[in-house]
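Residue numbers (this note's numbering), protein chains in the order written: chain A, 1 to 255; chain B, 256 to 572.
In case anyone wonders, no lab produced these hints; they're calculated from the structure.
Where hints are given, some of them may not hold.
Calculated lysine to aspartate or glutamate pairs in the EDC-like style (CA-CA distance at most 16 angstroms, straight line) [to be verified]:
no.	chain 1	residue 1	chain 2	residue 2
1	A	Lys94	B	Glu336
2	A	Lys93	A	Asp219
3	A	Lys13	B	Glu348
Taking beta-carbon pairs under 8 angstroms as the criterion, some of the chain B residues facing chain A (in silico) [what the hints assert, rightly or not]:
no.	residue
4	Ala292
5	Thr303
6	Ile331
7	Tyr341
8	Asp343
9	Ala355
Here are some of the chain A residues that sit facing chain B, going by a computed Cβ distance under 10 angstroms [what the hints assert, rightly or not]:
no.	residue
10	Ile7
11	Ile98
12	Leu100
Heads up, the beta-carbon is just placed ideally off N, CA and C, and yes, glycines get one too.
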Amino acid sequence: MRNILSIFKRDLKGYFNSPIAYVVIGLFLIVTGIFFYLLLSSFLQYSYAAMMQRQGVPLNVNLMMIRPFLLNMSVIILFMIPIITMRSFSEEKKNGTIELLLTAPLTNWQIIIGKFLATYLLYLVMTGITVLFMALLFIWGDPELAPILIGYFGILLMGAALIAAGNFISSLTENQIVAAVGTFGLTMVLWIIGFASDFAGKIVGAILEYLSIVAHFEDFSKGVFDTSHLVFYLSMTFFMLFLTYQSVESSKWRA
Amino acid sequence: MIEVQGLTKYYGNVRAVDDISFTVEKGEILGFLGPNAAGKTTTMRIITGYMPASAGTVRVAGFDVFTNDLEVKKRIGYLPENPPLYMDMQVIEYLRFVAAIKGVNRKSIESEVKRVADKLSISTVLFKQISTLSKGYKQRVGFAQAILNDPPVLLLDEPTIGLDPKQIIEVRELIRSFSHDHTVILSTHILPEVSMTCNRVIIINEGKLVAVDTPENLTARLKGSESIHMEVEGPVDDIMNTLKQIPNVTAVSVAPARAAKKANISGYIIETDVGSDVRKDLSHSIVTKGWGLLEMKTESLSLEDIFLKLTTKEEVN
Ligand SMILES: Nc1ncnc2c1ncn2[C@@H]1O[C@H](COP(=O)(O)OP(=O)(O)OP(=O)(O)O)[C@@H](O)[C@H]1O
Ligand SMILES: [Mg+2]
Chain A
1 MRNILSIFKR DLKGYFNSPI AYVVIGLFLI VTGIFFYLLL SSFLQYSYAA MMQRQGVPLN
61 VNLMMIRPFL LNMSVIILFM IPIITMRSFS EEKKNGTIEL LLTAPLTNWQ IIIGKFLATY
121 LLYLVMTGIT VLFMALLFIW GDPELAPILI GYFGILLMGA ALIAAGNFIS SLTENQIVAA
181 VGTFGLTMVL WIIGFASDFA GKIVGAILEY LSIVAHFEDF SKGVFDTSHL VFYLSMTFFM
241 LFLTYQSVES SKWRA
Chain B
256 MIEVQGLTKY YGNVRAVDDI SFTVEKGEIL GFLGPNAAGK TTTMRIITGY MPASAGTVRV
316 AGFDVFTNDL EVKKRIGYLP ENPPLYMDMQ VIEYLRFVAA IKGVNRKSIE SEVKRVADKL
376 SISTVLFKQI STLSKGYKQR VGFAQAILND PPVLLLDEPT IGLDPKQIIE VRELIRSFSH
436 DHTVILSTHI LPEVSMTCNR VIIINEGKLV AVDTPENLTA RLKGSESIHM EVEGPVDDIM
496 NTLKQIPNVT AVSVAPARAA KKANISGYII ETDVGSDVRK DLSHSIVTKG WGLLEMKTES
556 LSLEDIFLKL TTKEEVN
């Protein structure tokens, strides 16, 4: 446990000592901020128009504002993940510090979990700040809390799976750029197969749909909690961590 | 303390280490000597558990590296060829981190960091960021890292590389101070380093073990043989042939740097059997043939020459 914590703290310090953390967080806030602003202003226009026509029923913030915002955010996240995870193992391989970790009395799992948690925490900080946008809605409006919580729970789960995947790709190469591009490719594939599933046959389509990492998020964004999605994200996370373990361990296979 | 048996390592089809066996006793300092690409780093990496051997076994303090790597890693301090430093950390942060992952208990971390910083004279740079340190200081921080938690076994891959002469002396003294209660393997290309610090030397070349002995014996074994450098005026081929006929001469070659300096004048290196003095015979036969003997001097083999002799194709013994 102490070893995991040491690795975790070292990596986290590394992220915040370098521009990476600030670039990632800043960029994410700008992009999500723009979407939030656009969604908010169109929502206000609609509600203003609705009020003029005296429809009586106020428009639903959760439906018209928060849900599309969360969906947008889930896609923006796909673009941020590679930047968060590209350093994780690649940098250590490049600098030779992996030699320090692999010859210290640590288990591979301790190294992998420590690194995963550091990247995941950066992810949590990045997505966590958008809670402030939600706070604005509470100040000026009256959204329902439960769907928002479920939505953010989904962000949490989807992030774990994606961060684990990014760590795995990073463990394959000593080149950060390759790690970033590879991870980006993977997240894009996991995203696009969702659309592809519409054109595929029934069974293949169902499989593709199931593997689409964003498709599982849709229910969360609607405020619907379904354990099958929870199971999907958790299995994806563990599977990716398992692959990372194999990748780190493979250097120890007898050749 | 360290037992290496039949160690072999392939990188793809390249055989980097070929059936090496040796043991290092507790308290011994073993010099690992070999030219570039001899397989020194590879052997060290296998002993530390960083990579597995293709065949053979390594035991450290009785634990097999392949099946029980954690126990081995607890006992080894390792300074890799390129010091494994995090450039974005301060020296002190780095040493604290390494101390923690090496299992120094929380309360002793500060005193342990101070101890190694004093040993390597890096106390003045503790609060500098590692990326801003000079190469020599980086090397010292790498060394300091290796002795954190005072491991009984030290593997040092070219520990004095990049240090200034004064530091080299200090580090060698430091290494010597580890004898008796530590077991050390140190790799180097620098021969004086070996004769100054090590109890025993292993010479490897192209992955094969060429010699194991004490530095004194190794020198003595070969010191007897001498080479004679001459400058002679006359036809090169005839001279070579004539000199080779002389009893006790084992090899004749044209000194590369001095070949055909002027028309008809070349430098020659003559190697002879141990304990023989052929200078008189040499001068006699050259003069009788009517060539000009312009210069002659003897040179005894230095450790460098011995090393070269052992690691180049020429047969010794
Ligand atoms: N990771 C690797 N992949 C493929 N080949 C390697 C690898 N590491 C080393 N080699 C090869 O193995 C051989 C031995 O290399 P090694 O680094 O052990 O030599 P060395 O004795 O440490 O040399 P030097 O004095 O230059 O440090 C070399 O031919 C090298 O090219
Ligand atoms: Mg080497």
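Hints and how they fare:
1. A:Lys94 to B:Glu336: Measuring from Cα to Cα gives roughly 14 angstroms; hence the hint holds.
2. A:Lys93 to A:Asp219: Roughly 39 angstroms separates the two Cα atoms, so the pair is violated.
3. A:Lys13 to B:Glu348: holds, 10 angstroms
4. Ala292: violated, 18 angstroms
5. Thr303: Nearest chain A Cβ about 4 angstroms off; hint holds.
6. Ile331: holds, 7 angstroms
7. Tyr341: Where the cut-off is 8 angstroms and the nearest Cβ of chain A is about 6 angstroms from Tyr341 (chain B), the hint holds.
8. Asp343: Since chain A brings a Cβ to about 4 angstroms from Asp343 (chain B), closer than 8 angstroms, the hint holds.
9. Ala355: Interface hint status for Ala355 (chain B): holds (4 angstroms vs cutoff 8 angstroms).
10. Ile7: With Cβ-Cβ at 7 angstroms, under 10 angstroms, it holds.
11. Ile98: holds, 8 angstroms
12. Leu100: At about 4 angstroms, which falls below the 10 angstroms cut-off, the nearest Cβ of chain B leaves the hint on Leu100 (chain A) intact, so it holds.
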